[in-house]
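S.K.: In the working numbering, each residue carries its 1-based index in the sequence shown increased by 697.
Hints in this document: simulated from the structure, not taken from any laboratory.
Please read these numbers as outputs of a predicted model, since none were measured by experiment.
Ideal placement from N, C-alpha and C gives every residue a C-beta, glycine not left out.
Take the hints with a grain of salt, since some may be wrong.
To be verified - Taking lysine-lysine and the DSSO-like style, the derived pairs with C-alpha atoms no more than 27 Å apart in a straight line are:
1) Lys732 to Lys709
2) Lys709 to Lys754
3) Lys750 to Lys709
Said to hold, decoys possible - Pair by pair, the computed Cβ-Cβ distance ranges are:
4) Asn758 to Lys726: 33 to 43 Å
5) Ala714 to Lys750: 15 to 25 Å
6) Asp727 to Asn699: 40 to 50 Å
7) Lys754 to Asp710: 12 to 22 Å
8) Arg724 to Gly756: 35 to 45 Å
9) Lys726 to Asp700: 34 to 44 Å
10) Asn699 to Arg746: 17 to 27 Å
11) Met743 to Asp706: 14 to 24 Å
12) Lys754 to Lys726: 35 to 45 Å
13) Lys750 to Lys726: 31 to 41 Å
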Amino acid sequence: MNDIDMLYDYYKDVNLAAGAYATMACRIKDDKLEKFYRDTVHEVLMEARSSAKMIIKYGGNVF
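Full structure from sequences and hints, please.
M.R.: Structure (structure tokens):
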């Protein structure tokens with residue numbers, strides 16, 4: 698497995714995690730936990746954006 702394949706896998710997994718955290722944020726009733734999950738979604742999406750930039754830098758396409 699080469700570097701770009703690993704980056705694609707990482708990008709996919711990070712986006713799946715963001716979706717899971719967003720689902721938790723929508724369904725949870727505790728305000729503190731909801732804020733925690735929303736903040737986590739933001740951090741995970743920033744990580745996804747960084748990995749997308751790396752994929753593009755190495756010649757891949759994320760769209």
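S.K.: Could you tell me whether the CB distance from lysine 754 to aspartate 710 stays inside 12 to 22 Å?
M.R.: holds (19 Å)
S.K.: Starting from the hint 34 to 44 Å, judge whether the C-beta atoms of lysine 726 and aspartate 700 obey it.
M.R.: holds (43 Å)
S.K.: Does the Cβ pair asparagine 699, arginine 746 satisfy 17 to 27 Å?
M.R.: Since the Cβ atoms of asparagine 699 and arginine 746 sit about 22 Å apart, the hinted range of 17 to 27 Å holds.
S.K.: Is the distance from the Cβ of lysine 750 to the Cβ of lysine 726 consistent with 31 to 41 Å?
M.R.: holds (36 Å)
S.K.: Cβ-Cβ distance between lysine 754 and lysine 726: within 35 to 45 Å?
M.R.: holds (42 Å)
S.K.: Do the alpha carbons of lysine 709 and lysine 754 lie within 27 Å of each other, as the hint requires?
M.R.: Holds. Lysine 709 to lysine 754 sits at ~17 Å (cutoff 27 Å).
S.K.: Using the C-beta atoms of alanine 714 and lysine 750, is the stated range 15 to 25 Å upheld?
M.R.: 18 Å Cβ-Cβ, so the 15 to 25 Å window holds.
S.K.: Would you mind confirming whether the straight-line C-alpha gap from lysine 732 to lysine 709 stays at or under 27 Å?
M.R.: holds (24 Å)
S.K.: So the hint says 33 to 43 Å: do the beta-carbon atoms of asparagine 758 and lysine 726 match that?
M.R.: holds (40 Å)
S.K.: Go ahead and decide if the range 14 to 24 Å is satisfied by the Cβ distance of methionine 743 to aspartate 706.
M.R.: holds (19 Å)
S.K.: Is 40 to 50 Å respected by the C-beta to C-beta distance linking aspartate 727 and asparagine 699?
M.R.: holds (43 Å)
S.K.: Given a hinted range of 35 to 45 Å, is it respected by the beta-carbon distance of arginine 724 and glycine 756?
M.R.: Between arginine 724 and glycine 756, where Cβ atoms are some 39 Å apart, the hint holds.
Every hint, counting from the list given before, is met by this structure.
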